[in-house]
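Q: Sequence:
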Amino acid sequence: KRLMSATTALSAVEDGGPADGQQQQQAPLAPIKSKLDREIQMMQLPNLTFQDDINRTGEGVDRVIQGADAAKCPLLCRDWVLLACSKEPHECTLRHYYVSDEEKESMVKWRRQKDVTLEMKVLRAVAVREALVEKARNQAEAASKVFFASTRSLVEQEDVAELLPTLDQLRLANVRSV
Numbered sequence: 001k002r003l004m005s006a007t008t009a010l011s012a013v014e015d016g017g018p019a020d021g022q023q024q025q026q027a028p029l030a031p032i033k034s035k036l037d038r039e040i041q042m043m044q045l046p047n048l049t050f051q052d053d054i055n056r057t058g059e060g061v062d063r064v065i066q067g068a069d070a071a072k073c074p075l076l077c078r079d080w081v082l083l084a085c086s087k088e089p090h091e092c093t094l095r096h097y098y099v100s101d102e103e104k105e106s107m108v109k110w111r112r113q114k115d116v117t118l119e120m121k122v123l124r125a126v127a128v129r130e131a132l133v134e135k136a137r138n139q140a141e142a143a144s145k146v147f148f149a150s151t152r153s154l155v156e157q158e159d160v161a162e163l164l165p166t167l168d169q170l171r172l173a174n175v176r177s178v
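Residue numbers (this note's numbering): 1 to 178.
Be a bit skeptical, because a hint or two may be false.
[Stated by the list, open to error] Derived pair list, reagent style EDC-like, types lysine to aspartate or glutamate, alpha-carbon separation capped at 16 Å:
{"id": "1", "residue 1": "Lys114", "residue 2": "Asp159"}
{"id": "2", "residue 1": "Lys145", "residue 2": "Glu162"}
{"id": "3", "residue 1": "Lys135", "residue 2": "Glu162"}
{"id": "4", "residue 1": "Lys104", "residue 2": "Glu158"}
{"id": "5", "residue 1": "Lys145", "residue 2": "Asp159"}
{"id": "6", "residue 1": "Lys109", "residue 2": "Asp79"}
{"id": "7", "residue 1": "Lys135", "residue 2": "Asp168"}
{"id": "8", "residue 1": "Lys104", "residue 2": "Asp79"}
{"id": "9", "residue 1": "Lys72", "residue 2": "Glu88"}
{"id": "10", "residue 1": "Lys145", "residue 2": "Glu130"}
Simulated from the structure, these hints should not be mistaken for laboratory data.
Working from the sequences, and respecting the hints, build out all of it.
A: Quick look at the structure:
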């Protein structure tokens, strides 16, 4: 509302009289608080950097500034390419934009390869964990059968000798999969 009234007042001043035949308001308008636009402010700085919100960029990072000389620009921020740069745009000394489509294609390919490698490591860790869980379950069943077949009241070391190393391996596999 304040912006509309300011626009109306400004157009009235430009026309030399009240807007739309209305009488000019005598009450002064309240000042409009301005917000700093950090992106525009950063565009005025030398060696500009960009850090877009991931939600706005959608599928990956895609800012390409054509015509920038790669030799005169700072190095490309690999964390930014991986969508993981935790620094504010003005705090990171590395470049948060691509200087050519070729650079963008190669870095997107690099990021996807890193993602695939990480996914494969996760899948292997989960598969190893699941195999160890199954092995521990089978060994626990065998140990239970041995215990219940005997007349002893306490579990002996030899009853669970096979199970203990498997449980240690399972603990390590749980940490890796997490």
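Q: Taking only the CA atoms, is the gap from lysine 104 to glutamate 158 under or equal to 16 Å?
A: This hinted pair is violated, its Cα atoms lying about 61 Å apart.
Q: For the pair we were handed, lysine 114 and aspartate 159, check the Cα-Cα distance against 16 Å.
A: violated (45 Å)
Q: Verify the proposed pairing of lysine 109 with aspartate 79, using a straight-line Cα cut of 16 Å.
A: holds (15 Å)
Q: With a cut-off of 16 Å on the C-alpha distance, tell me whether lysine 135 and glutamate 162 pass.
A: holds (10 Å)
Q: Are lysine 145 and glutamate 130 close enough, with their CA atoms no more than 16 Å apart?
A: It is violated: about 23 Å lies between the C-alpha atoms, which goes past 16 Å.
Q: Are the Cα atoms of lysine 145 and aspartate 159 separated by 16 Å or less?
A: This hinted pair holds, its Cα atoms lying about 9 Å apart.
Q: Decide if the proposed pair is consistent with the structure: lysine 104 and aspartate 79, CA atoms, cutoff 16 Å inclusive.
A: Status holds; Cα separation ~14 Å.
Q: Hey, lysine 135 versus aspartate 168, does the alpha-carbon distance stay inside 16 Å?
A: holds (12 Å)
Q: Taking 16 Å as the top limit, are the C-alpha atoms of lysine 72 and glutamate 88 close enough?
A: Roughly 22 Å between the alpha carbons, so the hint for lysine 72 and glutamate 88 is violated.
Q: Does the alpha-carbon distance linking lysine 145 and glutamate 162 stay inside the 16 Å limit?
A: holds (14 Å)
Comparing the model with each earlier hint shows violations of hints 1, 4, 9 and 10; every other hint is respected.
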